Amino acid sequence: MDKAIKRYFPLFALPTLVAFTIGFIVPFAMGIYLSFCKFTTVTDAKFVGLSNYAKAFTDGTFGHSLWYTALFTIVSVLLINVLAFAIAMLLTKGIRGTNMFRTVFFMPNLIGGIVLGYIWQLILNGILANFGRTLVYSATYGFWGLVILMCWQQIGYMMIIYIAGIQNIPGELIEAAKIDGATAPQVLTNVTLPMVMPSITVCTFLTLTNGFKLFDQNLALTNGAPSDMSQMMALNIYDTFYTRQGFEGVGQAKAVVFFIIVAVIAVGQNVITRSKEVQQ
Amino acid sequence: MAKNPDNQVSAVRKTKHGTALTIFFTLLSIVYVMPIIIVVMNSFKRKAYVNRYPFKIGTGKMFVGLENYVEGIKKTEFFNAFGYSLFITVCSVAVIILCTSMCAWYITRVQTPFTKAMYMLCLFSMIVPFQMVMFTLSKIANMLHLSNPVGIILVYLGFGAGLAVFMFTGFVKSIPLEIEEAAMIDGCTPIQTYFQVVFPILKPTAITVAILQAMWIWNDYLLPYLVLDIKKYKTIPIAVQYLKGGYGSIDWGAMMAMLVLAIIPIIIFYIACQKYIIEGVVAGAVKG
Numbered sequence: 000m001d002k003a004i005k006r007y008f009p010l011f012a013l014p015t016l017v018a019f020t021i022g023f024i025v026p027f028a029m030g031i032y033l034s035f036c037k038f039t040t041v042t043d044a045k046f047v048g049l050s051n052y053a054k055a056f057t058d059g060t061f062g063h064s065l066w067y068t069a070l071f072t073i074v075s076v077l078l079i080n081v082l083a084f085a086i087a088m089l090l091t092k093g094i095r096g097t098n099m100f101r102t103v104f105f106m107p108n109l110i111g112g113i114v115l116g117y118i119w120q121l122i123l124n125g126i127l128a129n130f131g132r133t134l135v136y137s138a139t140y141g142f143w144g145l146v147i148l149m150c151w152q153q154i155g156y157m158m159i160i161y162i163a164g165i166q167n168i169p170g171e172l173i174e175a176a177k178i179d180g181a182t183a184p185q186v187l188t189n190v191t192l193p194m195v196m197p198s199i200t201v202c203t204f205l206t207l208t209n210g211f212k213l214f215d216q217n218l219a220l221t222n223g224a225p226s227d228m229s230q231m232m233a234l235n236i237y238d239t240f241y242t243r244q245g246f247e248g249v250g251q252a253k254a255v256v257f258f259i260i261v262a263v264i265a266v267g268q269n270v271i272t273r274s275k276e277v278q279q
Numbered sequence: 000m001a002k003n004p005d006n007q008v009s010a011v012r013k014t015k016h017g018t019a020l021t022i023f024f025t026l027l028s029i030v031y032v033m034p035i036i037i038v039v040m041n042s043f044k045r046k047a048y049v050n051r052y053p054f055k056i057g058t059g060k061m062f063v064g065l066e067n068y069v070e071g072i073k074k075t076e077f078f079n080a081f082g083y084s085l086f087i088t089v090c091s092v093a094v095i096i097l098c099t100s101m102c103a104w105y106i107t108r109v110q111t112p113f114t115k116a117m118y119m120l121c122l123f124s125m126i127v128p129f130q131m132v133m134f135t136l137s138k139i140a141n142m143l144h145l146s147n148p149v150g151i152i153l154v155y156l157g158f159g160a161g162l163a164v165f166m167f168t169g170f171v172k173s174i175p176l177e178i179e180e181a182a183m184i185d186g187c188t189p190i191q192t193y194f195q196v197v198f199p200i201l202k203p204t205a206i207t208v209a210i211l212q213a214m215w216i217w218n219d220y221l222l223p224y225l226v227l228d229i230k231k232y233k234t235i236p237i238a239v240q241y242l243k244g245g246y247g248s249i250d251w252g253a254m255m256a257m258l259v260l261a262i263i264p265i266i267i268f269y270i271a272c273q274k275y276i277i278e279g280v281v282a283g284a285v286k287g
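Those sequence lines, one after another, are chains A and B. Residue 130 in numbering that gives the first Met the number 0 sits at position 131 of the first sequence, with consecutive numbering throughout. Residue 279 in numbering that gives the first Met the number 0 sits at position 280 of the second sequence, with consecutive numbering throughout.
Here chain A stands alone, though its shape is the one from the complex (with noise of 0.2 angstroms):
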């Protein structure tokens, strides 16, 4: 049978084949050799070594983004999966309007990013302004601005994530630890977190990749303001790219460190994760 299909190749294979050449991996292998170049546009390419790399490293905006952006994704990403497990917990014990609060929750990761940013821009500035401020008064202000916005985008999304993995528990098993004699919080850390651990892995890997590669609410919310204080790491690169003349190398060399970054992080995170996760 491989054999009768395996001629096909050109209608089955090329067209996606092709689309994944142009749009993933010449971009991707070109943007490895020109972080090693000098250029403008892709064409004017000369080779330059490491030089874009020592000028990523020693621009300060970068390595502060770079601790911007791990810290929030840090905070962000323990809001997110605490808020949303016990939102979880509690919409799985059946009380009524279960079904109503749930497509509330998950209704604005819907909402593109820009639009986020701008509705949020609104919110908290009409908020601060009793305060006499603003969102870009300081970074402090944009950092927690962004946290609360990517709360209210993603604790949705991973509650369904949850309690697909909460339904999934046996429910003997929760009875059998109570006949047991367990506490509550004994059937949580002993049954229940064990038993949604598939559930945990996916949403760490999701709200952190997420995380790390914020751009459009960045960019909508405070766009770094003040004076590129609450840049995170893409819009630092984009800027890099597209502000700053003449930068397009380092900017492209800062694309790869990114992207090094965000791959450790996502495959760590997936083996750590992984090897926590019980047979059912």
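Keep in mind that the hints were calculated from the coordinates and are not lab data. Just so we're clear, the structure is a prediction, and the values are computed from it rather than from any experiment. There could be a bad hint or two in this list.
[Unchecked claim] Under the rule of at most 27 angstroms between Cα atoms (straight-line distance), these lysine-lysine pairs were calculated in the DSSO-like manner: (1) A:K45 - B:K138; (2) A:K275 - B:K172; (3) B:K115 - A:K2; (4) A:K212 - B:K243.
Could you slot chain B onto chain A? The hints should help.
Here is chain B on its own, set in the frame of chain A:
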């Protein structure tokens, strides 16, 4: 599968705290939708008052009726933007579903070092952030004259292929080979086998992929902004961002109206397909 026993447990739990929880979540839900209600409220206010008194209801001299909407639609050419967004999203998703599912079937059934490498590359592409390829991708798209709503479909197919191929492959692997062999023995060509036997089985995964990709493409800002010729073609996120003037000055009245118009199609889509969206997210998470 284990839903029923759990429901019995919850029936036991229900008696305790049930009403208190319902009240708590009702209040929380109101807080949750508040931002959207505030935006809707502000979209009918004179622009000078939006930013200054965002929480006041626009009555009397603050109320401007539909002025912000008229202004915003004119400034952003909203209906064009809506058309482009709809066209790009629908066509890209359709093309992604068709091409990547065929590709996934091919690389699962024809096992060669080449198809294995292709699968690994698809997996790999899922962890690469867009910033890594944005500059080169936009330059290549320009060179190949893909800077229009039709060309960008190819870009989306390329950049979205990773996740889609990965999810379809996972499902194709679980389809028993015997079904396809039977079809082939009965004289089906691979094309007939695929469209009459395999694709109908893939349908649930296709819905999941379609929903995940549609959510991404509809809301995507940076890729179309860099790839499209934005003087001619603006999608909704680009149109909204475009309202922010050169030096950060924003016409908040028009902005509020555009935010409302940007949210309405999403809410209609959500209410119409809620079941599929939530199932799609869960299925996508389990496989992802």
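* **Earlier hints that do not hold, by number** => Violated hints: none; all satisfied.
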